[in-house]
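Protein sequences appear in the order of chains A and B.
Note that the first sequence covers residues 1 to 347 in this note's numbering.
Note that the second sequence covers residues 348 to 904 in this note's numbering.
Think of the hints as simulated: they come from the structure by calculation, not from any bench.
It cannot be assumed that every hint is accurate.
Claimed, not checked - The calculated DSS-like cross-link candidates involving lysine-lysine, where the alpha carbons are at most 30 Å apart (straight line), are: (1) B/K706 <-> B/K782; (2) B/K851 <-> A/K76; (3) B/K706 <-> A/K76; (4) A/K309 <-> A/K330; (5) B/K706 <-> B/K894; (6) A/K76 <-> A/K150; (7) B/K782 <-> A/K76; (8) A/K175 <-> A/K257; (9) A/K150 <-> A/K175.
To be verified - So the derived label-pair ranges between C-beta atoms look like this: (10) B/S670 <-> A/R284: 48 to 58 Å; (11) B/F479 <-> A/C273: 35 to 45 Å; (12) B/L482 <-> A/V75: 27 to 37 Å.
Don't be surprised by glycine CBs; every beta carbon is placed ideally from N, CA and C.
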Amino acid sequence: MRHKAKSITLSALHIFAFWFLSQAAASALAANPSTNIFDPQSTPARSIFDLSIFVLSITAVIFVVVFTLIVYSIVKFGSNAADAGREPAQVYGSTQIELAWTIIPILIVVVLFLATARTIHAVQDAPEPATALDVVAIGHQFWWEFRYPKLGIVTANELHIPVSDPAHPTPTFLKLFSADTDHSFWIPELAGKTDLIPNHPNHMWMDPHRTGVFLGQCAQYCGTQHALMLLRVSVDSPEDFAAWARSQQQPAVQDEKVSAGKRVFETTACINCHAIAGTVADGRFGPDLTHLMSRQTIASGAAQNTTEKLRLWIQNPDAIKPGSLMPAMKLSDADLDALVSYLETLR
Amino acid sequence: MSSDAMAVPNVQVDGRPWVETLHEWLTTVDHKRLGILYIVYALFFLVVGGIEAAVLRIQLMRPENDFVSPQVFNRMFTMHGTTMIFFVAMPVLFGFANYLVPLMIGARDMAFPRLNAFSFWLTALGGILLYFSFLGGNGLYGAGTAPDVGWWAYAPLTARAFSPGHSSDYWTIALLVSGFGSIGTAINIIATILCMRCPGMTLNRMPLLAWLNMTMSGMVLIALTPLSAAQIMLLIDRYLGGHFFDTQAGGSAVMWMHFFWIFGHPEVYILIIPCFAFMSEIVPVFSRKPIFGYPVMVGATVCIAFVSMSVWAHHMFTVGMNSYVNSFFTISSMVVGIPTGIKIFNWIGTMWGGRIQFKTPMLFCIGFLFQFLIAGLTGIMLAAAPFDWQLSLSYFVVAHFHYVIVGGILFALFGAFYYWYPKITGRMMSETLGKWHFWLFVIGFHMTFDVMHFPGLLGMPRRIYTYQPDRGWGTMNLIITIGAFIQGIAILVFVWNLIVSYWKGARAGNDPWDAWTLEWSVSSPPPVYNFASIPVVESRRPLWDLKHPEDPDSLYE
């Protein structure tokens, strides 16, 4: 009995150490948005977190018990000089003991399975409420396309969704597609990951409980630039989200002062891949640029959206993201100046 | 390196030209020589795969490092995984099985010696084809050299649209060819064990090593078949206009995942079961007791073999299967933990009440016990589907399966090397170097793979060649890399020990460990055709009976 109490104390210590380590790591990241799976900020992530702690606790108890048994048998039954030449009692087995260490694990598995099945059902089979926001996410090599079918918005790489008040939930339900290879959508603090697979539509949902920026990235190897297929989710207050949606629904800004840059855009290969609403550009291989300047980053999060980075990205994408499918445009300095000036009006 | 040490004995003594010796080794159908060839071949690729791992770790040691390009990094992790599974772990285990099974069941050779040689050379050809991709992968397209599709080669990355040139073809054909080699060896092991046992050696008296290798071979027959089928389908897709996995023409990427993992998960058990076999031979001898619960150990192994055939889709929890399928694969994956746990308990039961001798082989077995325990428990976490939605495809998974493969399989293998080296060469390996090897490897292993769990919990996906400084993964990755290099040093100590001991090691004699199975009854190295007269056994420990005629095992079994 005392031995058992000791095990429980030790396992509690083990869990605490684990929790402490992850918290310490989380606080080290406090200045930046974190990607800690033990810092859930929405219902599915919270359900997973609760199950995780349960599974961790049980495995910690098993660990402590078996670890103790191994250490004990090594320390207790190590041979010494006095034993030289003598063999220990030859024991071949014991049915009772075998039964004990078969039945106890079976009971543990039953408990673990029931808890797990409950969480699977709660997360996967949650019905979509009428107040939910529908978003279509399409994975591309190596960027994210987001479409809001009911709002008529198309954007890329930075997903905006409203915060969800548990009293009046406004969760976001994502339909996941892929335009080319397999990808996986993973924002650790909002939900577990779900793959985007060609010819195999998937879905997932999340209902963030607080506003802010949440980070993640493609989790399924998708080709050369899998590593820089980053993902940002901006969780907005209902008012901010409505304002963002209204501005995204506008056609592109038409500014006479940058017509030279617009002409460069419309007469080079840019329009093969990029779309700008209200112009001849309607390519769909690359991100929609209608509201490029509303985004914090370019190249799927690989660089900040600044004038210098934009110029570098157009002239030499490999300097930012080697292996990306954006070609180097090799424009003259004059054309590049004009083009970047034009792009910077696309708010 | 070690190839010379083990492969070319007594050249000077015989005074024969080296060409003749080489010819003998190339044309041999002797199970012991083929076993050594398998092992030496695997050791060579262990070093190659280790160098690839070092490239990966140098690149990841700090954020935004530029040691290699993403293209090179992607090739390195693809080649590292493929090499270590197919051209290190499989051949080294087949090598030990080839060498030991006939000796332990009192047979003079394998059932089909020519098939045995054919299988080895197919496996060898597979490895050569894989590495020839560095030269031939470009094809006429200039599209990159070695394969860069990951060792699962998920569709549609392998389609011609995403993988031009021939790199994926070399990957496919290498696995197809070596897969046929594996099937040949598996048939051979089963036939040998079923038909070639010496008089008195009933199935119930076979050493556990024979039982476990027979189980493993049965799994190879079942698991390698879908993999080979999938490789052929992929070739049809790429060259004959098929659309099995070509998603742009209506094919299914998910079908490839099923084909791959219905091979891929049993494969883990195909690799670990022979290591359970090493454990089950070494732990009793160094505890000075018979294995605890022999029939339960056999039953648990067969149970693992069956259950492990129905757990594959736990690799696919993020693929979007429905909640019932996810629940099924959750429980089947947890159930496989029960017989595995039983095995751990039985090894503890074997040590319990024994007189444990902490020789190097036993040290590695004890390391195995601790590490395999942790690997099993993180496996339970991954089996819980919702937890897996977070952990899958992250560095946590990488840490988990390296805990199984390095902490489990490699540790047991090192134990086997130290235990059977005296039998194979006639010389003992150095205990001093062995302890250096063990402790350095334990330190390096834990620095690398304990720490590796944490970046995964903090959101670091696998297979990324770079990461942002603000994610907080940098320090951990630096520690992981340092640990990897300590492991590298330990491996050098091991290889040095293999070489030096061949000339400088103490003479082993027939039975240096005072062991109980038949291989220790013959000279070291064993004579051609093993047994001058076929032995007759009356229990599971024939040499115990011989050494203790007053108290033979046959009275109790």
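Do the hints match the structure? See the list:
1. B/K706 <-> B/K782: Holds: B/K706 and B/K782 sit about 9 Å apart, inside 30 Å.
2. B/K851 <-> A/K76: 35 Å, violated
3. B/K706 <-> A/K76: 17 Å, holds
4. A/K309 <-> A/K330: The hint holds at about 15 Å.
5. B/K706 <-> B/K894: Judged against 30 Å, a Cα distance of about 22 Å means the pair holds.
6. A/K76 <-> A/K150: 70 Å, violated
7. B/K782 <-> A/K76: 21 Å, holds
8. A/K175 <-> A/K257: With a Cα-Cα distance of about 40 Å, the restraint between A/K175 and A/K257 is violated, given a limit of 30 Å.
9. A/K150 <-> A/K175: 13 Å, holds
10. B/S670 <-> A/R284: 48 to 58 Å: 34 Å, violated
11. B/F479 <-> A/C273: 35 to 45 Å: 37 Å, holds
12. B/L482 <-> A/V75: 27 to 37 Å: Once the Cβ atoms are compared, 55 Å apart, the range 27 to 37 Å for A/V75 and B/L482 is violated.
Figure legend: structure checked against the earlier numbered hints; hints not met, in rising order: 2, 6, 8, 10, 12.
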